[in-house]
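J.: These are the residues of each chain, in order.
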Amino acid sequence: MSLVSALFLVFVAAVLLLYYVVPKSFRIWVVMLASLVFAGFLGFYTLVFVLISAVLCYIGGLLSGAGRSNGARNAATIITVVINIALLCAVKYYNVIGSASERLDLLFGAVDGANSFFKYAVPVGMSFYVLQTTGYILDCRWEKITPEKNFFKVLLFSTYFPQLMSGPMNTYASLSAEFEKTKEVKFSISRITDGAVRVAWGFFKKLVIADRAAMVVNMIYADHVNFTGWYVPLGVFFFAIQLYCDFSGCMEVVIGVSHMLGIELPENFNCPFFSKTVKEYWRRWHITLGAWLRDYLMYPVLKSAPLIKIGDWSKAKFGKKNGKKVPTYIALLILWFAVGYWHGGLWNYVIGSGILHFVYIVLGMVFEPLFKKIRPKIGADKLYFRIFQSLRTFVLMLTGFVFFRSATVKDAIDMYAAIFRRGGVALNWANFSSSGMDLKNLIVLIAAVLVVVLVDAYKYVPSEDEKAKSAIAFLRSKGIVVLWAAFMFITVATLIFGMYGMGYNAGSFIYATI
Amino acid sequence: MTREEIYVKLNEVFQDVFDDEDITVNDATVAADVDGWDSLEHINLIVAVERCFGIKFTMGETTGLKNVGEMVDRIIAHLG
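Protein chains in written order, with the numbering used here: chain A, 1 to 514; chain B, 1001 to 1080.
Hints in this document: simulated from the structure, not taken from any laboratory.
Keep in mind that a hint or two might mislead.
[As the list claims (entries may be wrong)] Calculated cross-link-like contacts (lysine-lysine; reagent style DSSO-like; alpha-carbon spacing at most 30 Å): (1) B:1009 <-> A:320; (2) B:1066 <-> A:467; (3) A:149 <-> B:1056; (4) A:320 <-> B:1056; (5) B:1009 <-> A:315; (6) B:1056 <-> A:309; (7) B:1066 <-> A:279; (8) A:144 <-> B:1066; (9) A:276 <-> B:1066.
All values reported here derive from a predicted model rather than from experimental measurement.
Go ahead and model the full structure; you've got the sequences and the hints to work with.
T.: This is the structure we're talking about:
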């Protein structure tokens, strides 16, 4: 069941009706039932895997918690975490780790294994709930939480339906606290309205923008023999629009639905394309993944005995200031490899969503002392420099998107080569619009993107540590009529301009397939 | 060790890690108050504090400390 489908809206309406009709203490069971039904809609394998993952998570948590010897707790944590991660790797990356020759093929371009059992059995959203359940086991081991004795609470934590497919990733401490609130939540029109506006906004981003931009993206990425020169940056630019509106649109739907149930989920985006640096970008894009990897991977690695030893050695060798950066760089390399690998296991993801960003961030850190000296001399506090910083960061992101969207590394490198290749089709309207992007579609796309930019500009807060402003609160402050008018406008615009209808299947969310 | 004695040593650790002799911290100090205290430098700070006091923070403490006051509470708890 896609999150952008009439079926999903009917499903949510039914869940809401039941949720607010039953006694408050039964609400959590409604959410549980809805989550299992939703997982069932995603397929038999998905249902089986979320159940296995929940059982593993439950047992792992109990055995890792306080009250036993450290050795036994460590063993339980390692075994259950390894099984959890191994399940993800075995199922999701079977094609990548199949054999040495396949690995080489993948490295140099071929994608094989199309008939493997695992290819069909990949449970939807597994990358998200496996990390979330792994976090639960580690939290128990690190005594951040007390292991939950009630299996159904752990089951609900790992299967909660709005976030099952694409996150946002959550911790047990915060999500279970939200579940507790369901006993107190009162039905209110304003809660339902706010949630509905976010859901409509998500549908708008996905159906009006992302799926429309995809026409150009699909044409150019599929054929960079003919679409060369300026077509390549154009295709990558459209992909940036598509990916942002696709993933952030998905999050609007997820967070909006959950808000209607009175269960608040963390934001996953905070105006990422306004970021001044790559480091800042990653604190504004897919925020919960970054936080998860920081807390559960980078910190433990940095605090491990080997890294501390390396740090002591490098400080003695290169001086305190430079030497302490060595273990940081090693931990960052591990972190970014993990980010890339998590996105899909193939080398194009490892490079495009991982290593490339590691290089940008480390270069930024290495040259920071120099930049610090230069900035006052070039008027770095002026608006033009601020705009330059955002544009530079955006362009650096585009260089990664070339890899991210390509099927293989070879494909991505060929795309870069295509920028300088001659002999492709001419850059003109007739060729460009052969993608399906005619004048009407282009005008709709530009207008819709402008609306998104305006909304993000309003929400933007310079400090990435602070929450973005709420556009819904702003509309509400202007009066309920304004909020309802905005809701109607978004809904009607989506109905008229959305890419859907008879014979059209909305593309699945890009991150739901990760 | 009293809270005051812990703060004397803790200030030295902060000054050393962040290379700034003017830093003084108190219960309410948070990362945003100290120039350079970001997610990467946080671990260098934690390791330096552990070495100074001869203790070992758990990962839960490492990622869950909300301010310096909580850090001092945990140091006192570890020192017994």
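J.: Against the structure, test the hints numbered earlier, and report the numbers of the ones violated in rising order.
T.: none
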